Amino acid sequence: MIGIFIGSLLTIGFQSVIHCIYPAFISIELPGIKTYFIACFYIILLFLVSTFINHEIYVEMELESSRQIPVSKENMPNRWLGIKCVVGTILMLFSSYTFSKRVWTESIYLIIMFLVGCYMIISAGGAWILKSYRKKGNGYYKRLPFLQQFYSRFKTHRSNLFMVYILHFLLIGYFSIRISGVLPLDRVQALFPYDYVCLGEKEDQETFKEFQKKLSEKSLILPMVRATVVSASEKNSGSRMDISFQGQNIGISESSYNQLTERKLGLRNKEIYISFQQDKSEKAHLLDFSVLSGSPRMRFGMPEPYFFEERDKIFDSDYKVIGQERRIIVGNLVGGMQENIVVFSDEYFKSIYSTGDGPSILALFNINKDKEEEAAVKFSDYAKDHIQYSEYDSLIQPIYGKKVLQNNTLLAHMLKLLEYLFVMTLLLVSILYVFVVKRVSELPDTRSRMKQFKYLGMREGLDRKILAFENNVMTIMPLVLAIVASFSYIFITLKVRYFTKIEQQEFWQYEVWIIGVYTIINLIVAFIIGRVMICLGNREE
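Quick note on our numbering: the sequence shown kicks off at 354 and runs consecutively.
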(Lines of atoms letter the chains of each structure in order from A; the text may use other names.)
(Lines give C-alpha, C1' and ligand atoms only; values in the text may rest on other atoms or scores of the structure.)
Protein backbone atom coordinates (compact mmCIF):
# COMPACT_ATOMS: atom_id res chain seq x y z
CA MET A 354 0.00 0.00 0.00
CA ILE A 355 2.88 2.34 0.77
CA GLY A 356 4.37 1.63 -2.65
CA ILE A 357 1.04 2.30 -4.36
CA PHE A 358 0.66 5.60 -2.49
CA ILE A 359 4.22 6.80 -3.19
CA GLY A 360 4.05 5.65 -6.82
CA SER A 361 0.80 7.53 -7.36
CA LEU A 362 2.28 10.72 -5.88
CA LEU A 363 5.35 10.40 -8.12
CA THR A 364 3.11 9.87 -11.16
CA ILE A 365 1.14 13.03 -10.38
CA GLY A 366 4.37 14.95 -9.83
CA PHE A 367 5.84 13.66 -13.08
CA GLN A 368 2.68 14.69 -14.93
CA SER A 369 2.99 18.21 -13.49
CA VAL A 370 6.61 18.44 -14.65
CA ILE A 371 5.66 17.34 -18.16
CA HIS A 372 2.87 19.89 -18.32
CA CYS A 373 5.31 22.63 -17.28
CA ILE A 374 7.82 21.65 -19.97
CA TYR A 375 5.27 20.82 -22.68
CA PRO A 376 2.06 22.87 -22.30
CA ALA A 377 0.20 20.54 -24.69
CA PHE A 378 -2.24 18.27 -22.93
CA ILE A 379 -0.66 14.92 -22.15
CA SER A 380 -2.60 12.48 -20.01
CA ILE A 381 -0.91 10.01 -17.68
CA GLU A 382 -3.18 7.57 -15.93
CA LEU A 383 -2.39 6.27 -12.47
CA PRO A 384 -0.97 2.73 -12.53
CA GLY A 385 -3.36 -0.10 -11.73
CA ILE A 386 -2.92 -2.90 -9.20
CA LYS A 387 -1.70 -5.22 -11.97
CA THR A 388 1.11 -2.80 -12.79
CA TYR A 389 2.31 -2.78 -9.19
CA PHE A 390 2.34 -6.58 -9.05
CA ILE A 391 4.37 -6.67 -12.26
CA ALA A 392 6.79 -4.09 -10.84
CA CYS A 393 7.05 -6.13 -7.64
CA PHE A 394 7.86 -9.23 -9.68
CA TYR A 395 10.68 -7.46 -11.54
CA ILE A 396 12.09 -6.05 -8.30
CA ILE A 397 12.19 -9.55 -6.79
CA LEU A 398 13.74 -10.88 -10.00
CA LEU A 399 16.37 -8.13 -9.89
CA PHE A 400 17.16 -9.02 -6.27
CA LEU A 401 17.60 -12.70 -7.18
CA VAL A 402 19.86 -11.82 -10.12
CA SER A 403 21.91 -9.51 -7.88
CA THR A 404 22.26 -12.26 -5.29
CA PHE A 405 23.38 -14.72 -7.97
CA ILE A 406 25.92 -12.27 -9.38
CA ASN A 407 27.48 -11.66 -5.98
CA HIS A 408 27.40 -15.31 -4.87
CA GLU A 409 31.10 -15.84 -5.47
CA ILE A 410 31.92 -12.65 -3.58
CA TYR A 411 29.82 -13.72 -0.60
CA VAL A 412 31.63 -17.06 -0.58
CA GLU A 413 35.00 -15.32 -0.65
CA MET A 414 34.08 -13.07 2.26
CA GLU A 415 32.89 -16.07 4.27
CA LEU A 416 36.12 -17.92 3.57
CA GLU A 417 38.19 -14.94 4.64
CA SER A 418 36.27 -14.64 7.91
CA SER A 419 37.00 -18.25 8.86
CA ARG A 420 40.67 -19.18 9.10
CA GLN A 421 39.93 -22.86 9.67
CA ILE A 422 38.33 -23.45 6.26
CA PRO A 423 40.99 -24.58 3.77
CA VAL A 424 41.05 -22.72 0.46
CA SER A 425 41.66 -25.09 -2.42
CA LYS A 426 43.28 -24.17 -5.70
CA GLU A 427 40.87 -23.66 -8.57
CA ASN A 428 41.74 -25.72 -11.62
CA MET A 429 41.73 -24.17 -15.07
CA PRO A 430 40.01 -25.84 -18.03
CA ASN A 431 42.46 -28.19 -19.76
CA ARG A 432 40.58 -29.95 -22.53
CA TRP A 433 39.17 -28.82 -25.86
CA LEU A 434 40.27 -25.21 -25.45
CA GLY A 435 40.65 -24.65 -29.19
CA ILE A 436 37.32 -26.29 -29.96
CA LYS A 437 35.59 -24.19 -27.30
CA CYS A 438 37.04 -21.02 -28.81
CA VAL A 439 35.87 -22.05 -32.28
CA VAL A 440 32.37 -22.92 -31.02
CA GLY A 441 32.19 -19.62 -29.13
CA THR A 442 33.24 -17.70 -32.24
CA ILE A 443 30.62 -19.52 -34.32
CA LEU A 444 27.90 -18.68 -31.78
CA MET A 445 28.92 -15.01 -31.79
CA LEU A 446 29.03 -14.78 -35.59
CA PHE A 447 25.80 -16.73 -36.08
CA SER A 448 23.87 -14.67 -33.53
CA SER A 449 25.21 -11.42 -35.01
CA TYR A 450 24.29 -12.47 -38.55
CA THR A 451 20.82 -13.61 -37.49
CA PHE A 452 20.32 -10.41 -35.48
CA SER A 453 20.87 -8.45 -38.69
CA LYS A 454 17.74 -10.02 -40.21
CA ARG A 455 14.44 -8.23 -39.60
CA VAL A 456 12.68 -11.58 -39.33
CA TRP A 457 13.98 -12.07 -35.78
CA THR A 458 12.79 -8.66 -34.55
CA GLU A 459 16.06 -7.96 -32.68
CA SER A 460 15.41 -10.97 -30.44
CA ILE A 461 16.87 -10.93 -26.92
CA TYR A 462 17.56 -14.66 -27.31
CA LEU A 463 20.13 -13.88 -29.99
CA ILE A 464 21.88 -11.53 -27.58
CA ILE A 465 21.92 -14.32 -24.97
CA MET A 466 23.43 -16.65 -27.58
CA PHE A 467 26.07 -14.01 -28.32
CA LEU A 468 26.94 -13.74 -24.62
CA VAL A 469 27.21 -17.53 -24.34
CA GLY A 470 29.74 -17.44 -27.17
CA CYS A 471 31.60 -14.64 -25.39
CA TYR A 472 31.72 -16.72 -22.20
CA MET A 473 33.21 -19.69 -24.04
CA ILE A 474 35.89 -17.50 -25.61
CA ILE A 475 36.71 -15.72 -22.33
CA SER A 476 36.92 -19.03 -20.45
CA ALA A 477 38.80 -21.10 -23.02
CA GLY A 478 40.81 -18.18 -24.38
CA GLY A 479 41.90 -17.04 -20.91
CA ALA A 480 42.97 -20.58 -19.98
CA TRP A 481 44.87 -20.95 -23.25
CA ILE A 482 46.75 -17.66 -22.72
CA LEU A 483 47.76 -18.61 -19.17
CA LYS A 484 48.88 -22.08 -20.26
CA SER A 485 50.88 -20.64 -23.15
CA TYR A 486 52.93 -18.56 -20.68
CA ARG A 487 54.08 -21.75 -18.95
CA LYS A 488 55.88 -22.78 -22.12
CA LYS A 489 57.96 -19.60 -22.29
CA GLY A 490 60.55 -20.61 -19.72
CA ASN A 491 62.13 -17.51 -18.19
CA GLY A 492 59.30 -15.39 -19.53
CA TYR A 493 56.87 -17.45 -17.48
CA TYR A 494 58.76 -16.88 -14.22
CA LYS A 495 59.13 -13.20 -15.01
CA ARG A 496 55.37 -12.80 -15.42
CA LEU A 497 54.40 -15.26 -12.67
CA PRO A 498 53.99 -12.62 -9.89
CA PHE A 499 51.51 -10.78 -12.11
CA LEU A 500 49.59 -13.91 -13.14
CA GLN A 501 49.75 -16.00 -9.97
CA GLN A 502 46.28 -14.94 -8.79
CA PHE A 503 44.75 -15.89 -12.13
CA TYR A 504 46.42 -19.32 -12.07
CA SER A 505 45.31 -20.16 -8.53
CA ARG A 506 41.82 -18.61 -8.65
CA PHE A 507 40.94 -18.89 -12.31
CA LYS A 508 37.24 -19.77 -11.92
CA THR A 509 36.55 -16.95 -9.47
CA HIS A 510 38.24 -14.32 -11.64
CA ARG A 511 36.56 -15.71 -14.76
CA SER A 512 33.12 -15.44 -13.16
CA ASN A 513 33.74 -11.94 -11.83
CA LEU A 514 35.15 -10.69 -15.13
CA PHE A 515 32.29 -12.16 -17.15
CA MET A 516 29.54 -10.79 -14.89
CA VAL A 517 31.05 -7.29 -15.17
CA TYR A 518 31.40 -7.80 -18.93
CA ILE A 519 27.69 -8.66 -19.22
CA LEU A 520 26.70 -5.51 -17.34
CA HIS A 521 28.97 -3.38 -19.53
CA PHE A 522 27.64 -4.99 -22.71
CA LEU A 523 23.99 -4.53 -21.76
CA LEU A 524 24.57 -0.91 -20.87
CA ILE A 525 26.61 0.01 -23.96
CA GLY A 526 25.32 -2.42 -26.58
CA TYR A 527 21.64 -2.47 -25.64
CA PHE A 528 20.32 0.39 -23.51
CA SER A 529 22.57 3.16 -24.84
CA ILE A 530 21.32 2.37 -28.36
CA ARG A 531 17.76 2.84 -27.20
CA ILE A 532 18.52 6.16 -25.52
CA SER A 533 20.32 7.52 -28.58
CA GLY A 534 17.44 6.26 -30.74
CA VAL A 535 14.85 8.20 -28.73
CA LEU A 536 16.81 11.48 -28.72
CA PRO A 537 16.17 14.27 -29.51
CA LEU A 538 12.66 14.45 -28.11
CA ASP A 539 11.56 17.38 -30.26
CA ARG A 540 11.87 15.36 -33.48
CA VAL A 541 8.41 13.80 -32.98
CA GLN A 542 6.96 16.55 -35.17
CA ALA A 543 8.71 15.04 -38.18
CA LEU A 544 6.88 11.74 -37.60
CA PHE A 545 3.56 13.32 -38.59
CA PRO A 546 3.77 15.32 -41.84
CA TYR A 547 -0.03 15.78 -42.08
CA ASP A 548 -2.51 17.28 -39.64
CA TYR A 549 -5.10 14.62 -40.46
CA VAL A 550 -4.84 11.24 -42.16
CA CYS A 551 -8.29 10.00 -43.18
CA LEU A 552 -9.52 6.65 -44.43
CA GLY A 553 -12.75 6.42 -46.38
CA GLU A 554 -14.65 4.76 -49.20
CA LYS A 555 -15.75 5.94 -52.61
CA GLU A 556 -18.91 7.56 -51.29
CA ASP A 557 -16.75 9.68 -48.95
CA GLN A 558 -14.80 11.24 -51.80
CA GLU A 559 -17.18 14.20 -52.06
CA THR A 560 -16.84 14.80 -48.32
CA PHE A 561 -13.05 14.82 -48.65
CA LYS A 562 -13.24 17.26 -51.55
CA GLU A 563 -15.40 19.53 -49.41
CA PHE A 564 -12.80 19.35 -46.60
CA GLN A 565 -10.13 20.05 -49.18
CA LYS A 566 -11.94 23.12 -50.47
CA LYS A 567 -12.97 24.67 -47.13
CA LEU A 568 -10.27 23.60 -44.68
CA SER A 569 -7.04 22.79 -46.44
CA GLU A 570 -4.94 24.26 -49.22
CA LYS A 571 -2.39 21.45 -49.05
CA SER A 572 -4.05 18.07 -49.31
CA LEU A 573 -4.03 14.84 -51.29
CA ILE A 574 -6.78 12.34 -52.06
CA LEU A 575 -5.46 9.00 -53.28
CA PRO A 576 -6.91 5.55 -54.02
CA MET A 577 -5.92 2.76 -51.63
CA VAL A 578 -6.73 -0.80 -50.65
CA ARG A 579 -6.80 -2.34 -47.21
CA ALA A 580 -3.89 -4.82 -47.30
CA THR A 581 -4.46 -7.26 -44.44
CA VAL A 582 -1.69 -9.65 -43.37
CA VAL A 583 -1.96 -12.81 -41.26
CA SER A 584 -0.14 -11.60 -38.15
CA ALA A 585 0.83 -8.18 -36.81
CA SER A 586 2.32 -9.42 -33.54
CA GLU A 587 5.66 -11.05 -32.84
CA LYS A 588 3.92 -13.07 -30.11
CA ASN A 589 1.83 -14.86 -32.72
CA SER A 590 2.92 -16.99 -35.65
CA GLY A 591 -0.39 -16.63 -37.43
CA SER A 592 -1.63 -20.08 -36.40
CA ARG A 593 -4.54 -18.75 -34.34
CA MET A 594 -7.99 -17.89 -35.65
CA ASP A 595 -8.22 -14.76 -33.50
CA ILE A 596 -8.69 -11.94 -36.01
CA SER A 597 -7.14 -9.39 -33.65
CA PHE A 598 -3.72 -10.71 -34.69
CA GLN A 599 -4.27 -9.76 -38.32
CA GLY A 600 -2.45 -6.62 -39.38
CA GLN A 601 -4.02 -3.84 -41.44
CA ASN A 602 -1.86 -1.83 -43.83
CA ILE A 603 -2.30 0.75 -46.58
CA GLY A 604 -1.86 -0.45 -50.16
CA ILE A 605 -1.23 2.19 -52.82
CA SER A 606 -0.10 2.25 -56.44
CA GLU A 607 3.37 3.21 -57.59
CA SER A 608 1.93 6.39 -59.12
CA SER A 609 0.59 7.43 -55.71
CA TYR A 610 3.93 6.58 -54.10
CA ASN A 611 5.70 8.71 -56.71
CA GLN A 612 3.28 11.56 -56.00
CA LEU A 613 4.07 11.35 -52.27
CA THR A 614 7.84 10.86 -52.47
CA GLU A 615 8.88 11.90 -56.01
CA ARG A 616 10.59 8.53 -56.35
CA LYS A 617 10.12 5.92 -59.08
CA LEU A 618 10.33 2.20 -58.30
CA GLY A 619 9.68 0.53 -61.66
CA LEU A 620 7.40 -2.19 -60.25
CA ARG A 621 5.98 -4.87 -62.52
CA ASN A 622 3.22 -7.45 -62.13
CA LYS A 623 3.07 -8.66 -58.48
CA GLU A 624 6.24 -6.93 -57.32
CA ILE A 625 5.77 -4.94 -54.11
CA TYR A 626 7.73 -2.38 -52.13
CA ILE A 627 7.26 -1.95 -48.36
CA SER A 628 7.67 1.37 -46.55
CA PHE A 629 7.53 1.02 -42.76
CA GLN A 630 5.86 4.01 -41.09
CA GLN A 631 7.76 3.79 -37.84
CA ASP A 632 10.24 5.72 -35.74
CA LYS A 633 13.92 4.85 -35.58
CA SER A 634 13.57 4.02 -31.89
CA GLU A 635 11.29 1.06 -32.68
CA LYS A 636 12.59 -2.45 -33.25
CA ALA A 637 13.00 -3.71 -36.80
CA HIS A 638 10.36 -6.23 -37.82
CA LEU A 639 8.53 -7.83 -40.73
CA LEU A 640 5.26 -6.74 -42.26
CA ASP A 641 3.79 -10.19 -41.58
CA PHE A 642 5.04 -12.14 -38.56
CA SER A 643 3.63 -15.42 -39.88
CA VAL A 644 6.34 -15.58 -42.55
CA LEU A 645 9.95 -16.25 -41.60
CA SER A 646 11.16 -15.99 -45.18
CA GLY A 647 9.67 -14.92 -48.45
CA SER A 648 6.78 -12.57 -49.13
CA PRO A 649 4.03 -11.60 -46.68
CA ARG A 650 0.65 -13.32 -46.82
CA MET A 651 -1.94 -10.69 -47.79
CA ARG A 652 -5.59 -10.37 -48.64
CA PHE A 653 -7.48 -7.25 -49.67
CA GLY A 654 -10.22 -6.13 -47.33
CA MET A 655 -10.95 -5.96 -43.62
CA PRO A 656 -9.85 -8.76 -41.25
CA GLU A 657 -12.27 -11.64 -40.85
CA PRO A 658 -12.25 -15.02 -39.06
CA TYR A 659 -10.80 -17.99 -40.89
CA PHE A 660 -9.79 -21.57 -40.27
CA PHE A 661 -6.09 -22.29 -40.21
CA GLU A 662 -6.29 -24.95 -42.94
CA GLU A 663 -7.87 -22.35 -45.26
CA ARG A 664 -5.21 -19.72 -44.67
CA ASP A 665 -3.33 -20.32 -47.92
CA LYS A 666 -6.60 -20.01 -49.85
CA ILE A 667 -7.60 -16.74 -48.20
CA PHE A 668 -4.17 -15.08 -48.11
CA ASP A 669 -1.95 -14.76 -51.18
CA SER A 670 1.83 -14.91 -50.77
CA ASP A 671 2.73 -14.90 -54.46
CA TYR A 672 4.47 -11.54 -54.26
CA LYS A 673 8.05 -10.47 -54.82
CA VAL A 674 9.41 -7.92 -52.36
CA ILE A 675 11.94 -5.87 -54.32
CA GLY A 676 12.82 -3.56 -51.44
CA GLN A 677 11.99 -2.19 -48.01
CA GLU A 678 12.54 1.12 -46.28
CA ARG A 679 11.73 2.97 -43.09
CA ARG A 680 10.43 6.31 -44.25
CA ILE A 681 7.70 8.55 -42.88
CA ILE A 682 5.28 9.14 -45.76
CA VAL A 683 1.83 9.43 -44.15
CA GLY A 684 2.95 9.26 -40.52
CA ASN A 685 3.82 6.98 -37.62
CA LEU A 686 0.15 6.14 -37.12
CA VAL A 687 0.25 2.85 -35.17
CA GLY A 688 3.88 2.61 -34.07
CA GLY A 689 5.00 0.85 -37.24
CA MET A 690 3.31 -2.47 -36.50
CA GLN A 691 0.31 -1.62 -38.72
CA GLU A 692 -0.70 1.07 -41.22
CA ASN A 693 2.53 0.63 -43.13
CA ILE A 694 2.67 1.41 -46.85
CA VAL A 695 2.63 -1.45 -49.37
CA VAL A 696 3.32 -0.23 -52.91
CA PHE A 697 1.97 -2.21 -55.88
CA SER A 698 2.60 -1.78 -59.59
CA ASP A 699 0.02 0.41 -61.32
CA GLU A 700 -1.30 -2.48 -63.44
CA TYR A 701 -1.75 -4.84 -60.51
CA PHE A 702 -3.25 -2.12 -58.31
CA LYS A 703 -5.97 -1.51 -60.92
CA SER A 704 -6.83 -5.21 -60.89
CA ILE A 705 -7.23 -5.39 -57.09
CA TYR A 706 -8.84 -2.01 -56.48
CA SER A 707 -12.43 -2.35 -55.27
CA THR A 708 -12.07 -6.14 -54.85
CA GLY A 709 -12.23 -6.03 -51.04
CA ASP A 710 -14.22 -4.28 -48.37
CA GLY A 711 -12.94 -1.54 -46.10
CA PRO A 712 -11.39 1.84 -46.90
CA SER A 713 -10.55 2.59 -50.52
CA ILE A 714 -9.66 6.30 -50.25
CA LEU A 715 -6.64 7.79 -48.47
CA ALA A 716 -6.98 11.52 -47.75
CA LEU A 717 -4.13 13.62 -46.34
CA PHE A 718 -4.81 17.13 -45.02
CA ASN A 719 -2.75 20.02 -43.72
CA ILE A 720 -5.29 22.41 -42.20
CA ASN A 721 -5.20 26.20 -42.53
CA LYS A 722 -4.46 27.82 -39.18
CA ASP A 723 -7.68 29.82 -39.14
CA LYS A 724 -9.72 26.65 -39.74
CA GLU A 725 -8.27 24.40 -37.04
CA GLU A 726 -11.26 24.53 -34.67
CA GLU A 727 -13.77 23.98 -37.45
CA ALA A 728 -11.68 21.11 -38.81
CA ALA A 729 -11.51 19.43 -35.40
CA VAL A 730 -15.32 19.36 -35.20
CA LYS A 731 -15.83 18.10 -38.75
CA PHE A 732 -13.21 15.36 -38.52
CA SER A 733 -14.57 14.27 -35.15
CA ASP A 734 -18.03 13.87 -36.67
CA TYR A 735 -16.54 11.97 -39.60
CA ALA A 736 -14.76 9.57 -37.24
CA LYS A 737 -18.01 8.82 -35.40
CA ASP A 738 -19.70 7.91 -38.68
CA HIS A 739 -16.89 5.49 -39.62
CA ILE A 740 -16.26 3.76 -36.32
CA GLN A 741 -16.61 0.37 -38.09
CA TYR A 742 -12.96 0.64 -39.15
CA SER A 743 -11.99 0.19 -35.48
CA GLU A 744 -14.22 -2.85 -34.96
CA TYR A 745 -11.42 -5.41 -35.30
CA ASP A 746 -8.62 -3.42 -33.68
CA SER A 747 -9.04 -0.29 -31.54
CA LEU A 748 -5.63 0.96 -32.70
CA ILE A 749 -6.97 1.34 -36.23
CA GLN A 750 -8.87 4.60 -36.64
CA PRO A 751 -10.76 6.27 -39.51
CA ILE A 752 -9.09 9.56 -38.58
CA TYR A 753 -5.54 10.05 -37.29
CA GLY A 754 -5.00 13.51 -35.79
CA LYS A 755 -1.50 14.92 -35.60
CA LYS A 756 -1.87 16.63 -32.21
CA VAL A 757 -3.09 13.54 -30.37
CA LEU A 758 -0.52 11.24 -31.97
CA GLN A 759 2.29 13.74 -31.43
CA ASN A 760 1.50 14.18 -27.73
CA ASN A 761 1.15 10.43 -27.17
CA THR A 762 4.42 9.74 -28.99
CA LEU A 763 6.23 12.47 -27.04
CA LEU A 764 4.99 11.02 -23.77
CA ALA A 765 6.00 7.51 -24.82
CA HIS A 766 9.50 8.71 -25.75
CA MET A 767 9.89 10.57 -22.45
CA LEU A 768 8.83 7.52 -20.46
CA LYS A 769 11.17 5.31 -22.48
CA LEU A 770 14.02 7.74 -21.89
CA LEU A 771 13.40 7.75 -18.13
CA GLU A 772 13.15 3.97 -18.11
CA TYR A 773 16.43 3.50 -19.98
CA LEU A 774 18.23 6.10 -17.87
CA PHE A 775 17.02 4.38 -14.70
CA VAL A 776 18.18 0.97 -15.93
CA MET A 777 21.55 2.33 -17.05
CA THR A 778 22.04 4.02 -13.68
CA LEU A 779 21.09 0.77 -11.95
CA LEU A 780 23.58 -1.19 -14.06
CA LEU A 781 26.33 1.35 -13.40
CA VAL A 782 25.69 1.21 -9.65
CA SER A 783 25.68 -2.60 -9.84
CA ILE A 784 29.06 -2.59 -11.57
CA LEU A 785 30.55 -0.20 -9.02
CA TYR A 786 29.02 -2.29 -6.23
CA VAL A 787 30.67 -5.43 -7.60
CA PHE A 788 34.02 -3.61 -7.82
CA VAL A 789 33.86 -2.31 -4.25
CA VAL A 790 32.58 -5.50 -2.59
CA LYS A 791 35.08 -7.62 -4.46
CA ARG A 792 37.99 -5.45 -3.40
CA VAL A 793 36.82 -5.27 0.20
CA SER A 794 36.51 -9.06 0.32
CA GLU A 795 40.06 -9.40 -1.06
CA LEU A 796 41.61 -6.85 1.31
CA PRO A 797 42.89 -9.37 3.94
CA ASP A 798 44.39 -11.53 1.21
CA THR A 799 45.94 -8.45 -0.41
CA ARG A 800 47.62 -7.44 2.84
CA SER A 801 48.97 -10.95 3.30
CA ARG A 802 50.39 -10.97 -0.22
CA MET A 803 51.99 -7.55 0.24
CA LYS A 804 53.77 -8.89 3.33
CA GLN A 805 54.98 -11.92 1.40
CA PHE A 806 56.33 -9.69 -1.36
CA LYS A 807 58.36 -7.75 1.21
CA TYR A 808 59.66 -10.92 2.92
CA LEU A 809 60.75 -12.27 -0.46
CA GLY A 810 62.80 -9.13 -1.04
CA MET A 811 60.79 -7.86 -3.97
CA ARG A 812 62.08 -4.50 -5.10
CA GLU A 813 60.07 -1.46 -4.09
CA GLY A 814 57.27 -0.54 -6.46
CA LEU A 815 56.93 -3.94 -8.12
CA ASP A 816 54.26 -5.04 -5.65
CA ARG A 817 52.24 -1.96 -6.57
CA LYS A 818 52.57 -2.77 -10.26
CA ILE A 819 51.26 -6.28 -9.58
CA LEU A 820 48.18 -4.97 -7.76
CA ALA A 821 47.62 -2.34 -10.45
CA PHE A 822 47.84 -5.01 -13.16
CA GLU A 823 45.30 -7.23 -11.39
CA ASN A 824 42.99 -4.27 -10.88
CA ASN A 825 43.20 -3.28 -14.55
CA VAL A 826 42.46 -6.82 -15.74
CA MET A 827 39.32 -7.05 -13.61
CA THR A 828 38.03 -3.51 -14.23
CA ILE A 829 39.34 -2.15 -17.53
CA MET A 830 39.59 -5.35 -19.60
CA PRO A 831 35.86 -6.25 -19.41
CA LEU A 832 35.02 -2.65 -20.29
CA VAL A 833 37.25 -2.72 -23.39
CA LEU A 834 35.90 -6.12 -24.47
CA ALA A 835 32.31 -4.93 -23.98
CA ILE A 836 32.89 -1.76 -26.02
CA VAL A 837 34.41 -3.76 -28.90
CA ALA A 838 31.55 -6.29 -28.86
CA SER A 839 28.91 -3.58 -28.49
CA PHE A 840 30.08 -1.69 -31.56
CA SER A 841 29.26 -4.68 -33.75
CA TYR A 842 25.70 -4.72 -32.42
CA ILE A 843 25.40 -0.95 -32.76
CA PHE A 844 26.32 -1.08 -36.46
CA ILE A 845 23.98 -4.03 -37.03
CA THR A 846 21.12 -2.16 -35.34
CA LEU A 847 21.69 0.91 -37.53
CA LYS A 848 21.62 -1.30 -40.61
CA VAL A 849 18.56 -3.38 -39.75
CA ARG A 850 16.52 -0.32 -38.75
CA TYR A 851 17.34 1.45 -42.02
CA PHE A 852 18.98 4.51 -40.44
CA THR A 853 19.62 7.28 -42.95
CA LYS A 854 22.98 9.08 -43.05
CA ILE A 855 21.52 12.09 -41.25
CA GLU A 856 19.99 9.85 -38.59
CA GLN A 857 23.30 8.02 -38.15
CA GLN A 858 25.17 11.29 -37.65
CA GLU A 859 22.58 12.39 -35.10
CA PHE A 860 22.73 8.99 -33.40
CA TRP A 861 26.52 9.02 -33.04
CA GLN A 862 26.47 12.50 -31.51
CA TYR A 863 24.57 11.11 -28.54
CA GLU A 864 26.15 7.65 -28.53
CA VAL A 865 29.72 8.97 -28.35
CA TRP A 866 28.79 11.15 -25.39
CA ILE A 867 27.09 8.28 -23.57
CA ILE A 868 29.94 5.82 -24.12
CA GLY A 869 32.57 8.49 -23.41
CA VAL A 870 31.06 9.61 -20.10
CA TYR A 871 30.43 6.02 -19.06
CA THR A 872 34.03 5.03 -19.88
CA ILE A 873 35.47 8.00 -17.98
CA ILE A 874 33.39 7.14 -14.89
CA ASN A 875 34.63 3.55 -14.96
CA LEU A 876 38.26 4.60 -15.46
CA ILE A 877 38.06 7.04 -12.56
CA VAL A 878 36.52 4.40 -10.30
CA ALA A 879 39.11 1.83 -11.39
CA PHE A 880 41.92 4.29 -10.64
CA ILE A 881 40.51 5.18 -7.21
CA ILE A 882 39.95 1.54 -6.27
CA GLY A 883 43.47 0.66 -7.39
CA ARG A 884 45.04 3.47 -5.34
CA VAL A 885 42.96 2.63 -2.28
CA MET A 886 43.82 -1.07 -2.45
CA ILE A 887 47.53 -0.31 -2.72
CA CYS A 888 47.31 2.12 0.22
CA LEU A 889 45.28 -0.22 2.44
CA GLY A 890 47.34 -3.23 1.39
CA ASN A 891 50.48 -1.64 2.84
CA ARG A 892 48.83 -1.01 6.20
CA GLU A 893 49.19 -3.38 9.10
CA GLU A 894 46.01 -5.11 10.27
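Please note that a few of the clues may not be correct.
[What the hints assert, rightly or not] Restricting the straight-line Cα-Cα distance to at most 30 angstroms, the calculated cross-link-like pairs of lysine-lysine (DSSO-like) are:
#1 K508 x K724
#2 K489 x K818
#3 K756 x K571
#4 K854 x K673
#5 K731 x K769
#6 K731 x K454
#7 K562 x K636
#8 K454 x K854
#9 K731 x K567
#10 K769 x K508
#11 K724 x K673
#12 K722 x K571
#13 K673 x K562
#14 K769 x K636
#15 K854 x K571
[Said to hold, decoys possible] Derived Cβ-Cβ restraints for the label pairs, each shown as a range:
#16 S733 x V674: 29 to 39 angstroms
#17 K489 x G676: 36 to 46 angstroms
#18 E744 x T614: 52 to 62 angstroms
#19 N761 x D734: 39 to 49 angstroms
#20 R680 x S743: 17 to 27 angstroms
No wet-lab data here; the hints were simulated from the structure. The structure presented is a predicted model; accordingly, all values stated were derived computationally and were not measured. In this text, a Cβ means the ideal position worked out from N, Cα and C, and glycines have one as well.
How the hints compare with the structure:
1. K508 x K724: 72 angstroms, violated
2. K489 x K818: 21 angstroms, holds
3. K756 x K571: 18 angstroms, holds
4. K854 x K673: Distance ~27 angstroms between K854 and K673 Cα, so the pair holds.
5. K731 x K769: Distance ~34 angstroms between K731 and K769 Cα, so the pair is violated.
6. K731 x K454: 44 angstroms, violated
7. K562 x K636: At roughly 37 angstroms apart (the allowed maximum being 30 angstroms), K636 and K562 break the hint.
8. K454 x K854: Satisfied, since the Cα-Cα distance of roughly 20 angstroms is no more than 30 angstroms.
9. K731 x K567: 11 angstroms, holds
10. K769 x K508: 38 angstroms, violated
11. K724 x K673: 44 angstroms, violated
12. K722 x K571: With a Cα-Cα distance of about 12 angstroms, the restraint between K722 and K571 holds, given a limit of 30 angstroms.
13. K673 x K562: Not satisfied, since the Cα-Cα distance of roughly 35 angstroms exceeds 30 angstroms.
14. K769 x K636: Roughly 13 angstroms between the alpha carbons, so the hint for K769 and K636 holds.
15. K854 x K571: Between K854 and K571 the Cα gap is close to 29 angstroms, so the pair holds against 30 angstroms.
16. S733 x V674: 29 to 39 angstroms: At 38 angstroms between Cβs, range holds.
17. K489 x G676: 36 to 46 angstroms: 56 angstroms, violated
18. E744 x T614: 52 to 62 angstroms: 31 angstroms, violated
19. N761 x D734: 39 to 49 angstroms: With a Cβ separation near 22 angstroms, N761 and D734 fall outside 39 to 49 angstroms, so the hint is violated.
20. R680 x S743: 17 to 27 angstroms: The hint (17 to 27 angstroms, Cβ to Cβ) holds, given that R680 and S743 are roughly 26 angstroms apart.
Of the numbered hints listed earlier, those contradicted by the structure are 1, 5, 6, 7, 10, 11, 13, 17, 18 and 19.
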